[in-house]
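Student: These are the residues of each chain, in order.
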Amino acid sequence: MTISRDEIFAKVRENLVNALGVDSDEVTGQSTLMGDLDAESIDFLDIVFRLEKEFDIKIPREELFPAEDMLNNSKYVENGKLTPTGLEQCKSSMPHIDFSEFEKDPDVNKMGDLFTVDVIVKYVEGKINA
Amino acid sequence: MRWIWIDKFVEFEPGRRAVAIKNVTMAEEHLHDHFPGFPTMPASLMIEAMAQTSGILVGHARDFKEKVILAKVVKAVFSRIVRPGDQLRIEAVIDNIADEAANITGTIHCEDQLVAEIALIFSHIDQNLAGMEFPEENFVFNAQFMELLSCYIPSKTVQS
Amino acid sequence: MRFILLDKVTELLPGRKISAIKNLSLAEEYLADHFPGFPVMPGVLMIEALVQTAAMLVRVTNNFSHSMVILAQADNVKYKSFVKPGNALKISLEAKNITSMDSSFTGTACVDGQQVVSARLKLRHFNLADDDQSLAATDRKIIEEMKHRAQLLGAC
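Chains as they are written, first to last, in the working numbering: chain R, 9 to 138; chain D, -17 to 142; chain U, 360 to 515.
Just so you know, not all the hints are guaranteed correct.
Claimed, not checked - Here are the simulated lysine-lysine pairs, DSSO-like style, with alpha carbons at most 27 angstroms apart: (1) Lys500/U to Lys57/D; (2) Lys449/U to Lys61/R; (3) Lys66/R to Lys47/D; (4) Lys439/U to Lys449/U; (5) Lys89/R to Lys66/R; (6) Lys130/R to Lys66/R; (7) Lys66/R to Lys57/D; (8) Lys57/D to Lys506/U; (9) Lys439/U to Lys57/D; (10) Lys449/U to Lys89/R; (11) Lys443/U to Lys57/D; (12) Lys19/R to Lys66/R; (13) Lys61/R to Lys19/R.
As the list claims (entries may be wrong) - Residues from chain D that keep clear of chain R, each with C-beta distances beyond 10 angstroms, as calculated: (14) Glu(-5); (15) Gly67; (16) Asp94.
Think of the hints as simulated: they come from the structure by calculation, not from any bench.
Ideal Cβ positions, reconstructed from N, Cα and C, are used throughout, including at glycine.
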């Protein structure tokens, strides 16, 4: 099944609109899920369910969003910044995200900026074409 | 006011789907405030009827090991008013169930007329809400709920 | 138990916003069932508190023109924490739109500065007499009761 990136974006956008109760024009490729679209932990689960159904793929939750227990674990996060172990963990479970800029100042509060709609579209594209 | 918003299960397919009924009666005190002279079942309590029907369905699917609580009302749309003497038919379907949460969609009908469409997400709070304190034992699935369920299953066996 | 889910209106700007408080007390009987040994406010009663507060804003804004002001749709209601007996739930709603027949709101409620619930709500408003003229007196009765309640709660 070949499906273009634009088509993937349109379907991802529709599902985000339904999951988050936002308007369609609020969802752009650069919109951050946690910042611009106000998504929270419970929404991540909703989004994962919907994308699995929409695209008929399996999405382990920690591949798409940071795991709750990771953020609360001193092995991965210390003084509000990701430790080298934490960074490695993120890079290995979420290879579709580019952490190179974030690595320079791995402030856990800025991590949300990494999770944009484009990142989700790229992830889905990777899964479908795998 | 007792906090039980369904009266009986009439269909129960473990792990998949359940149907419960709720009788609406003048004996319910809250109806007299909502509204004085024209009692009607509050929409919020219809959401609870769906939450209880689907919560028991989800809990049963996980052997009642976890505390299953309502985490999100994705959408609830109400199209008709419900009056004393009405009997509601609440149908809940599990769309997805995972370790941390479950997704439910359902409808409420009264005499084949659509009253509400509701989509919910439950969270299994032993898996989530790290750092919050709550009791060890499963306070969610108390005796009242277990009684409702036990009353249904034997009769299903009889019918089939 | 009385089905009134707000105790005091603390701010009201007609057509725009409303803030209110709902105190949670062990005196509320349903808490014995929700849950035994761990009394917490049911999530749907948080929705009801938001709805009744929004309805109060609608009634005052529209000068009590309609008897029935009810929830038509709830979207994206998210629960973040528990509300326990002894807590004061601070409710805050902003109206996106209020017409004579419907209204929409975004609302949140907090305990000790922490948000416990957020929601988007749509209400619809009508009179029973719109469909049945014989119920005009019932409309008047409900409107009178709601005016009295608004005064009691400090909404007007």
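Student: Verify the proposed pairing of Lys449/U with Lys61/R, using a straight-line Cα cut of 27 angstroms.
Tutor: violated (38 angstroms)
Student: For Lys449/U and Lys89/R, compute the direct alpha-carbon distance and say whether it is at most 27 angstroms.
Tutor: violated (33 angstroms)
Student: Given the hint that Lys66/R pairs with Lys47/D, does the C-alpha gap stay at or below 27 angstroms?
Tutor: holds (25 angstroms)
Student: Take a quick look at whether Lys66/R and Lys57/D sit within 27 angstroms of each other, Cα to Cα.
Tutor: With a Cα-Cα distance of about 24 angstroms, the restraint between Lys66/R and Lys57/D holds, given a limit of 27 angstroms.
Student: Run the C-beta distances from Asp94/D to all of chain R and say if the shortest one exceeds 10 angstroms.
Tutor: holds (27 angstroms)
Student: Is the Cα-Cα distance between Lys443/U and Lys57/D 27 angstroms or less?
Tutor: holds (25 angstroms)
Student: Going by Cβ atoms, does Glu(-5)/D stay more than 10 angstroms from chain R at every point?
Tutor: holds (20 angstroms)
Student: Has the given pair, Lys130/R with Lys66/R, been kept, meaning a C-alpha gap of at most 27 angstroms?
Tutor: With a Cα-Cα distance of about 15 angstroms, the restraint between Lys130/R and Lys66/R holds, given a limit of 27 angstroms.
Student: With the threshold set at 27 angstroms, check whether the alpha-carbon distance from Lys61/R to Lys19/R stays at or below it.
Tutor: holds (11 angstroms)
Student: So Gly67/D supposedly isn't at the interface. Is its beta-carbon more than 10 angstroms from every beta-carbon in chain R?
Tutor: holds (35 angstroms)
Student: Taking 27 angstroms as the top limit, are the C-alpha atoms of Lys57/D and Lys506/U close enough?
Tutor: violated (31 angstroms)
Student: Does Lys439/U pair with Lys449/U here, judged by a C-alpha cut-off of 27 angstroms?
Tutor: holds (15 angstroms)
Checked against the numbered hints listed earlier, the structure breaks hints 1, 2, 5, 8 and 10; every other hint is satisfied.
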